[in-house]
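J.: Sequences listed follow chains A and B, in order. Position 170 of the first sequence, counting from 1, maps to 170 under the numbering used here, and the rest follow consecutively. Position 156 of the second sequence, counting from 1, maps to 156 under the numbering used here, and the rest follow consecutively.
Any given hint could be a false lead.
[What the hints assert, rightly or not] Subject to a maximum C-alpha distance of 30 Å in a straight line, what follows is the list of computed DSSO-like cross-link-like pairs (lysine-lysine):
id : chain 1 : residue 1 : chain 2 : residue 2
1  : A       : Lys330    : A       : Lys85
2  : B       : Lys220    : A       : Lys114
3  : A       : Lys114    : A       : Lys497
4  : B       : Lys220    : A       : Lys497
5  : B       : Lys97     : A       : Lys497
6  : B       : Lys104    : A       : Lys483
7  : B       : Lys104    : A       : Lys282
[Said to hold, decoys possible] Beyond 10 Å from chain A on every Cβ pair, some chain B residues (computed):
id : residue
8  : Arg107
9  : His127
10 : Pro149
11 : Lys220
12 : Ile230
13 : Arg251
14 : Phe256
15 : Arg275
16 : Asn283
17 : Ile299
18 : Pro350
19 : Trp365
20 : Lys367
21 : Asp404
22 : Lys425
Hints listed in this document are in silico derivations from the structure and should not be mistaken for laboratory results. The beta carbon of each residue, even a glycine, is placed where N, CA and C say it ideally should be.
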Amino acid sequence: MTYTSYLYFFGFAIVVYLVYLACPMKQKWKVLFAGSCLFSMILDGFLAVCLLVTSLAAFFCGKQLTKLQDKFNAAKKGLSKDEKKQLKAEITKKKKAVVAAGTIISLGSLIVLKYTSFFLGLFNSVSEIFGGIQLPLLYYALPLGISYYTLQAIGYVVDTYRGKYRAETNAAKLILFVSFFPQMTEGPIGRYDKLMPQLVEGHRYSNENFTSGVTLIFWGLFKKLVISDRASYMVSEVFGNYTKYGSIVVFVATVMYTIQLYTDFSGCIDIMSGTARVFGIKLESNFRQPFFSKSVGEFWRRWHITLGTWFKDYVFYPVSLSSPFMKLSKASAGHMSKFMASIVPSACALFVVWLGTGLWHGASMKYVIYGLYYFLIMLLGTIFEPAFVKMSAKLNINRKGKTMSTLAVLRTMLLVNIGMTMFRADGIGEYGAVISRIFQPINIYDITSGTLFALGTDRHDFLVIVIGVAIMYLVAIMKEKGKDILTLVSTGRIYIKWPVMMGLIVAVLVFGAYGPGYGVVENIYAQF
Amino acid sequence: MGKNKKHSSKKKSPEKNTEPQNNKKPVGVTDKQGSEPEKKTDAPTDIKADASEKKTDAQADIKADASDKKAAPETVSGEAEESGTEEGAQEKKPKGKAAFYAGKALRSISFFLILGTILGIFSYAVHPKNNKKEYGMRDQNAHAFYAEPENTLDTIIIGNSEAYSSFSPLEMWHAYGITSYVSAKGAILMSDAYYILKEVLKTQSPKLVIFETDAVFPQKEDQTLRDRTINNVIENESPLIKYHDVWKIQRPENYFAPINYRWQSYSRGQMDDPRTEGYESRNLVVSDGKNEVYRDGRINYWILKYMDKFVELCREKNIQVLFVTVPNILTTSKLNSQAIKNYCTSRNIPQIDFSEHPEFINIDWTKDTRDGGVHMNTRGAKKVSLFLGQYIINQYDIKDRRDDKELAKRWDRDYKRYKNEVQIKRKKLLGLM
Numbered sequence: 001m002t003y004t005s006y007l008y009f010f011g012f013a014i015v016v017y018l019v020y021l022a023c024p025m026k027q028k029w030k031v032l033f034a035g036s037c038l039f040s041m042i043l044d045g046f047l048a049v050c051l052l053v054t055s056l057a058a059f060f061c062g063k064q065l066t067k068l069q070d071k072f073n074a075a076k077k078g079l080s081k082d083e084k085k086q087l088k089a090e091i092t093k094k095k096k097a098v099v100a101a102g103t104i105i106s107l108g109s110l111i112v113l114k115y116t117s118f119f120l121g122l123f124n125s126v127s128e129i130f131g132g133i134q135l136p137l138l139y140y141a142l143p144l145g146i147s148y149y150t151l152q153a154i155g156y157v158v159d160t161y162r163g164k165y166r167a168e169t170n171a172a173k174l175i176l177f178v179s180f181f182p183q184m185t186e187g188p189i190g191r192y193d194k195l196m197p198q199l200v201e202g203h204r205y206s207n208e209n210f211t212s213g214v215t216l217i218f219w220g221l222f223k224k225l226v227i228s229d230r231a232s233y234m235v236s237e238v239f240g241n242y243t244k245y246g247s248i249v250v251f252v253a254t255v256m257y258t259i260q261l262y263t264d265f266s267g268c269i270d271i272m273s274g275t276a277r278v279f280g281i282k283l284e285s286n287f288r289q290p291f292f293s294k295s296v297g298e299f300w301r302r303w304h305i306t307l308g309t310w311f312k313d314y315v316f317y318p319v320s321l322s323s324p325f326m327k328l329s330k331a332s333a334g335h336m337s338k339f340m341a342s343i344v345p346s347a348c349a350l351f352v353v354w355l356g357t358g359l360w361h362g363a364s365m366k367y368v369i370y371g372l373y374y375f376l377i378m379l380l381g382t383i384f385e386p387a388f389v390k391m392s393a394k395l396n397i398n399r400k401g402k403t404m405s406t407l408a409v410l411r412t413m414l415l416v417n418i419g420m421t422m423f424r425a426d427g428i429g430e431y432g433a434v435i436s437r438i439f440q441p442i443n444i445y446d447i448t449s450g451t452l453f454a455l456g457t458d459r460h461d462f463l464v465i466v467i468g469v470a471i472m473y474l475v476a477i478m479k480e481k482g483k484d485i486l487t488l489v490s491t492g493r494i495y496i497k498w499p500v501m502m503g504l505i506v507a508v509l510v511f512g513a514y515g516p517g518y519g520v521v522e523n524i525y526a527q528f
Numbered sequence: 001m002g003k004n005k006k007h008s009s010k011k012k013s014p015e016k017n018t019e020p021q022n023n024k025k026p027v028g029v030t031d032k033q034g035s036e037p038e039k040k041t042d043a044p045t046d047i048k049a050d051a052s053e054k055k056t057d058a059q060a061d062i063k064a065d066a067s068d069k070k071a072a073p074e075t076v077s078g079e080a081e082e083s084g085t086e087e088g089a090q091e092k093k094p095k096g097k098a099a100f101y102a103g104k105a106l107r108s109i110s111f112f113l114i115l116g117t118i119l120g121i122f123s124y125a126v127h128p129k130n131n132k133k134e135y136g137m138r139d140q141n142a143h144a145f146y147a148e149p150e151n152t153l154d155t156i157i158i159g160n161s162e163a164y165s166s167f168s169p170l171e172m173w174h175a176y177g178i179t180s181y182v183s184a185k186g187a188i189l190m191s192d193a194y195y196i197l198k199e200v201l202k203t204q205s206p207k208l209v210i211f212e213t214d215a216v217f218p219q220k221e222d223q224t225l226r227d228r229t230i231n232n233v234i235e236n237e238s239p240l241i242k243y244h245d246v247w248k249i250q251r252p253e254n255y256f257a258p259i260n261y262r263w264q265s266y267s268r269g270q271m272d273d274p275r276t277e278g279y280e281s282r283n284l285v286v287s288d289g290k291n292e293v294y295r296d297g298r299i300n301y302w303i304l305k306y307m308d309k310f311v312e313l314c315r316e317k318n319i320q321v322l323f324v325t326v327p328n329i330l331t332t333s334k335l336n337s338q339a340i341k342n343y344c345t346s347r348n349i350p351q352i353d354f355s356e357h358p359e360f361i362n363i364d365w366t367k368d369t370r371d372g373g374v375h376m377n378t379r380g381a382k383k384v385s386l387f388l389g390q391y392i393i394n395q396y397d398i399k400d401r402r403d404d405k406e407l408a409k410r411w412d413r414d415y416k417r418y419k420n421e422v423q424i425k426r427k428k429l430l431g432l433m
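Let the hints inform the model, and build the full structure from the sequences given.
T.: Now the structure itself:
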């Protein structure tokens with residue numbers, strides 16, 4: 001049951017919504033709980049089991065952590081300073097053990113299911129060099145969404161450890177938090193303190209929520225069915241047989257893939273957020289016009305935001321504040337120039353973050369390279385920044401001017417395009433081959449012969465994609481300028497609301513790539 | 001009174017007061033709520049954002065004060081719907097409440113009316129205006145029955161590729177004067193079979209419907225069949241969804257042209273193929289099907305559901321149903337045959353199973369198939385059709401129509417063409433043309 005199927009909308013989402021509306025306020029969350037459980041079971045029985053294990057582990061760890069904290073708070077009264085310190089150390093030790101257990105259970109299941117074959121493969125490659133034994137590779141069926149809900153559960157445990165909030169006392173509520181159906185398979189990765197209150201409080205029907213939710217769903221369907229799926233046919237043809245095609249075709253295919261990836265992922269997130277919005281629940285936003293970024297660093301603050309902030313809060317900070325890194329930063333301050341001393345420690349922490357980000361996407365060397373590619377670009381950017389500043393001052397270039405900003409946006413697009421191509425290529429070798437194909441001499445025949453339009457995405461599809469992207473671009477510009485179309489639609493007057501809603505519905509129904517003759521294209525990010 | 005209360009609460013909590021005023025407030029305020037994560041990431045923008053938030057809050061306060069007075073008469077006239085909150089509605093007096101809900105209902109109705117009209121226009125614009133492939137009709141052979149004169153087809157044959165390969169209406173005509181049509185699609189879904197039958201019955205009133213049973217075992221997983229059936233039903237119920245991508249090939253002059261399904265299939269839906277690629281042995285050994293996926297006699301829930309609907313539709317219209325199983329090496333098995341037999345017994349449907357009785361047609365597997373035992377070729381189809389024609393004439397109240405001169409003229413002409421085309425295809429195969 002994909003999020004774009006009739007079964008999901010008519011057989012599941014609408015039914016859950018009607019029951020949700022019919023239930024009394026205090027019971028509403030139970031409908032969401034039952035719906036999410038049912039959804040995971042329909043998707044995959046194994047997923048339901050994994051979700052249950054992860055949620056219960058997080059639940060008991062959280063409970064234990066709050067209990068320890070309460071114990072400390074109760075006991076510390078009347079103790080001397082030293083005794084307090086000693087008690088705190090003792091409690092912290094215990095808390096660390098609990099948080100480690102919680103993380104190991106959640107992360108452990110993710111690692112075993114997702115990365116066993118990758119690590120066994122690595123072992124085999126190393127072992128081969130030394131003539132050692134070869135282990136058989138073990139592949140497990142990976143439950144959908146495991147990479148998302150695991151991070152969500154870990155975030156909850158770590159936050160309770162940090163005392164950000166008290167642990168949840170109701171196991172069913174925590175299960176609902178970890179498995180809330182709109183965000184189960186592709187995120188956005190939610191935070192307990194923001195999501196849980198909304199899930200539990202219950203919402204009445206509201207015209208505004210309903211209108212904005214439905215509009216967002218159709219906006220997501222527009223991105224996914226009208227743009228992404230159309231682009232996918234050409235992309236799979238060219239990436240599957242890249243040796244057959246010249247530089248222009250391959251380059252267009254890489255651009256198409258970036259478009260496909262963005263519209264697929266953000267479209268799906270919009271469908272999910274729209275569904276949640278209809279229920280009165282606001283999910284975290286995952287994208288903020290990423291293709292307006294002037295640097296790769298900015299791009300990653302606008303693309304898959306919830307993953308970035310998760311890594312920042314639960315990897316970057318703990319790593320930077322860990323004792324080896326503190327030592328490193330002290331040592332670099334003593335031995336390096338001021339500039340380098342400011343870069344080296346954070347670069348090392350960022351290395352861990354990007355290695356993690358890369359690996360999070362999948363158990364393969366190409367994802368490691370994918371993460372490190374962005375890391376390297378950002379690092380080089382930081383290192384050469386002073387030189388760029390000097391150079392532009394000498395050449396009298398205004399780096400913040402319109403032309404330079406546009407160039408910076410285009411440069412970022414290009415760099416991102418090169419990076420995203422790695423997602424689609426089957427491996428590092430193939431990735432290199434595809435990229436080198438782009439740099440072959442340009443052959444005009446590719447265009448004049450009509451090859452470009454004969455690869456599954458014909459000239460009509462191209463036209464639809466170009467118009468679709470132009471509409472997305474306009475909406476994005478408006479959003480950058482502080483005018484959110486969605487807000488206009490949900491709160492504005494009929495002459496704005498109706499044309500937008502009707503336009504979207506008609507566009508999806510008429511120009512969507514669905515139905516006979518079109519295969520269902522699986523969501524790219526659901527595989528991670 | 002209520003207004004005053006609202007007013008004083010606004011001053012106390014600026015956050016609350018912005019809610020019902022959402023439409024009047026500058027858009028930026030809601031924007032900021034949406035971009036909360038961003039604030040965290042960039043420290044410098046944080047300060048700016050804080051300052052501007054205070055400013056907008058203050059602005060909103062002043063605006064709210066001013067607009068409150070203005071908004072009062074507006075809300076009475078039912079405009080409160082814009083604010084969208086239920087609380088707004090509950091504050092109204094009973095009379096205003098009724099008017100408010102009536103306005104709301106009227107709006108919803110007009111929204112769907114306008115949307116429906118637009119969708120209707122698009123639906124007509126993309127609808128194929130002729131039953132040919134070039135006009136956007138899929139499986140044109142299955143849909144050429146539209147061009148047959150009304151109520152002239154006595155027998156309708158429905159099924160998948162086995163059906164359009166194994167039955168020859170023209171051979172049945174030539175030998176027995178039976179008028180039949182094969183409305184079959186490759187890998188047909190049972191729901192599609194049901195809808196095709198429904199469509200045929202709009203212009204024809206057959207006495208007999210023959211269903212070829214290979215479509216009962218489509219060699220697909222249960223989940224795929226479920227999803228495809230749901231999609232298929234929605235497509236068949238909504239022409240816009242079914243033909244939505246015809247905009248790619250529809251010529252502008254045809255957007256609003258009348259629908260005229262006049263294309264006729266001379267072979268009456270049969271896709272004859274004289275190629276011969278025999279199965280290695282003269283006799284097919286039918287597998288028992290035990291422990292074999294798709295040959296274990298299990299009928300999928302969705303298939304069964306639409307088989308029942310198919311049969312019910314025939315019974316409703318007083319049409320006889322006959323199930324025929326043409327043997328093939330892919331899906332026939334003893335268990336599958338048994339499953340069909342059980343189904344037919346339970347619903348009292350007559351059945352001919354050629355996989356159990358190959359002697360009925362004296363089938364030669366080395367010569368009668370076109371692709372190594374999966375589909376009949378022209379020769380095999382003739383054998384099946386002649387047997388079936390005889391059976392129909394004996395068992396059903398179906399007349400020899402060769403006396404009807406006008407009809408006979410058309411059918412005889414097409415029979416000649418059919419024979420001719422087969423010769424041409426044979427010659428092409430032998431490289432003589």
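J.: Output the indices of the hints that this structure fails to meet, ascending.
T.: Numbers 3, 4, 8 and 12, in rising order.
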